[in-house]
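**Student:** Chain by chain, the residues run as shown.
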Amino acid sequence: MNAEQILFILFGAVSLIGAIAVISFRHPIYSALSLIVTFFAQAGLFVLLGAHFVAAVQVIVYAGAIMVLFLFVIMLLNLGTLSVQGAIGRKLKGLAIILGILFAAEGIYIAVNALNDTAVASAESGAAAVTITTYDIGELLFSKYLLPFEVTSLILLAALIGVIVLVKREGQEEN
Amino acid sequence: MENIPLVLIISSLVKILIIVHLLLIGVMIMIWAERRVSGWMQDRLGPNRVGPQGLLQPVADGLKFLFKEDLIPDHVDKPLYVMAPAMLLVPALVAVAVVPFGSSITVLGHEIPLQIADVNIGILYILAITSLGVYGVVLGAWASNNKYSLLGGLRSSAQMISYELTLGLGIIGILMLTGNTLSLRTIAIEQGAYPWQWNFLIHFPAFLAFTTAMFAETNRLPFDLAEAEQELVAGYHTEYSSMKFAMFFMAEYMNMIVGSAVTVTLFLGGWHFFGLENMGGPVWSGIISFGIFFVKTAIFLFVFIWVRWTLPRFRYDQLMNFGWKFLLPVALTSIVVTGTLWITTNSRLIVGIGNVVSAFIVASIVAGLLVMRTPKPAIQDSDNRLTPTALDAIE
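Residue numbers (my numbering), protein chains in the order written: chain A, 3 to 177; chain B, 241 to 635.
One chain only, chain A, in its complex shape (with noise of 0.2 Å):
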């Protein structure tokens, strides 16, 4: 077992036990955290994988600011413990069980195609050496994937523009 190995085992070991954090426990500021931890131990792995910007924009995204937002509005709501109880909670049960098998089956799809498929597993040897620079990332958005780019900026945009027209509808009517 080199380095990697035990890198690759401890950061997928500390994603997964954030993960089921997440869901075990019963304080939503606990879960936001634990959600962190996941994220850390995954940009770890893309760090493994050689993709190093992937890894920071994890860190900077989704640790740094989304969470942020949650763990804010969390505050402001002032969530308690939740619980799963009463008859909207049974039926949340059912729904959880019912997701929770779908998700299972596709998991074990998954890992039981990935084994059998040698693709993957002569993929697995030579993808350690490379590492994807920032400039590589940029250029492949500027030329092959500009279209889907310009896009999801355009979405992003109409989002923003969503957002403001709600917030300004009230502010003029108190004018």
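One thing to keep in mind: the hints can contain errors.
Listed next, with one range per pair, are the computed distances between beta-carbon atoms [said to hold, decoys possible]:
no.	chain 1	residue 1	chain 2	residue 2	range
1	B	V322	A	F144	24 to 32 Å
2	B	L417	A	I103	48 to 56 Å
3	B	L348	A	Q7	32 to 40 Å
4	B	V535	A	Q7	40 to 48 Å
If you want the footprint, here are the derived chain B segments under chain A, 3+ residues with CB under 8 Å [unchecked claim]:
no.	segment
5	396 to 406
6	413 to 424
Non-contacting residues of chain A with respect to chain B, defined by C-beta distances greater than 12 Å in every case (computed) [what the hints assert, rightly or not]:
no.	residue
7	I11
8	F13
9	L18
10	K95
11	G109
12	Y111
13	N115
14	N118
15	L149
16	I157
17	L168
If you're looking for bench data, these hints aren't it; they were derived computationally from the structure. We put the beta carbon where it would ideally sit given N, CA and C, even for glycine.
Model the placement of chain B on the given structure of chain A, informed by the hints.
**Tutor:** Below, chain B alone, put in the same frame as chain A:
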């Protein structure tokens, strides 16, 4: 990964030891400097009893903090309350890993770069790690279970998210003109030996926006609304005592030191100074370059203290207006202008001039719009009659 040379491991360990201790000693010196400089600016002495010029005052303070009772109030959320100071301190310590603090030293035929890790996403790493500092503040505030703490924490998180944008956008202009890498070492090397080749002249508006955003990120005056004493007792660290309280302050000073070092690397030419860094042999040039970097960082840290003791605190709406309506447009324009002029003219001089001119235009437009849009004070109208709003206020 198995065949990492022994030299790399040993040199890395030595560098980590030196830099971490330099940071910790730097925090002590900064605390002393802050108190002495503030004393000087307010025409008083400041602490001067313990040791020569009061230099041992931080040691006395540290000992005092250690021996104080470590009180954990009953009403706090204990795990988070204990974790929060560490969550603020650790990112501050870890961020320094990619800062290049000198050229390189050649020892026994091995060239050792004066930097702990030269990763090719250097500047993104700094942004990623510093953006995590906000958790320490927010969680500490929430775990304290105190409304003043919570208000401080919420203010701080909103402020940090707002100014992080400007911080990131301010760097993009530099990255466009620097090779095809995000490595801090390359950015430092590509700036020449002379001050007029450094980035702060080419990207002057971005430099100002970046520095201002950094003041906000470190929660220093004039942006210290998270701990505004008159409104919030002491803000997010109201419920903290002993060493936990000290850790919040150590993190603040460490963030200042790391922030200054990053600014020096990005904008102020790193370890370059009129070719002085190339003097002497392979060992001395490295040490001199480190000295130059050290002095530049120290000067920038002095600016931090200087600003704190000369500017009053912003009001909260002023803070948000300033960040979103003023700094952000300036940083965005700087990106557009830098990109366009660089592609059309390929001249750093024209990019520099264009940046300043465009920033001036944008700043005037924004200032004009803000003045026009600001509602007039509602107490009295032009005929000196009381308006309905004013009557409401009287009732």
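**Student:** Each hint: holds or not?
**Tutor:** Hints versus structure:
Roughly 47 Å separates the CB atoms of V322/B and F144/A, a value that falls outside the hinted 24 to 32 Å. For L417/B and I103/A, the Cβ-Cβ distance of about 55 Å falls inside the hinted range of 48 to 56 Å, so the restraint holds. Take L348/B and Q7/A: their Cβ atoms lie about 33 Å apart, and the range 32 to 40 Å holds. Look at V535/B against Q7/A: about 45 Å separates their beta carbons, and that is inside 40 to 48 Å.
Only residues whose beta carbon comes within less than 8 Å of a beta carbon in chain A count, and the segment 396 to 406 of chain B has 5; three or more means the coverage holds. Closer than 8 Å: that is the beta-carbon criterion, and the segment 413 to 424 of chain B has 3 residues meeting it against chain A, so the requirement of 3 holds. At roughly 14 Å, the least C-beta separation between I11/A and chain B is larger than 12 Å, which holds for a residue marked as non-interface. The non-interface label for F13/A is consistent with chain B: the shortest C-beta to C-beta separation is roughly 15 Å, beyond 12 Å.
Consistency note on L18/A: stated as away from chain B, and its beta-carbon is indeed over 12 Å from all of that chain's, at 21 Å minimum. With 12 Å as the threshold on Cβ separation, the claim that K95/A sits away from chain B holds: the shortest Cβ distance comes to roughly 28 Å. Under the 12 Å C-beta cut-off, the non-interface status given to G109/A relative to chain B holds; the minimum distance is some 29 Å. Listed as a non-interface residue, Y111/A keeps its Cβ farther than 12 Å from every Cβ of chain B; the least gap is roughly 33 Å.
The beta carbon of N115/A is kept farther than 12 Å from every beta carbon of chain B, the shortest such distance being approximately 29 Å. Taking the minimum C-beta to C-beta distance to chain B, about 29 Å, the non-interface status of N118/A holds against the 12 Å cut. Consistency note on L149/A: stated as away from chain B, and its beta-carbon is indeed over 12 Å from all of that chain's, at 21 Å minimum. Separation of I157/A from chain B is adequate, the least Cβ-Cβ distance of about 19 Å exceeding the 12 Å criterion.
At roughly 17 Å, the least C-beta separation between L168/A and chain B is larger than 12 Å, which holds for a residue marked as non-interface.
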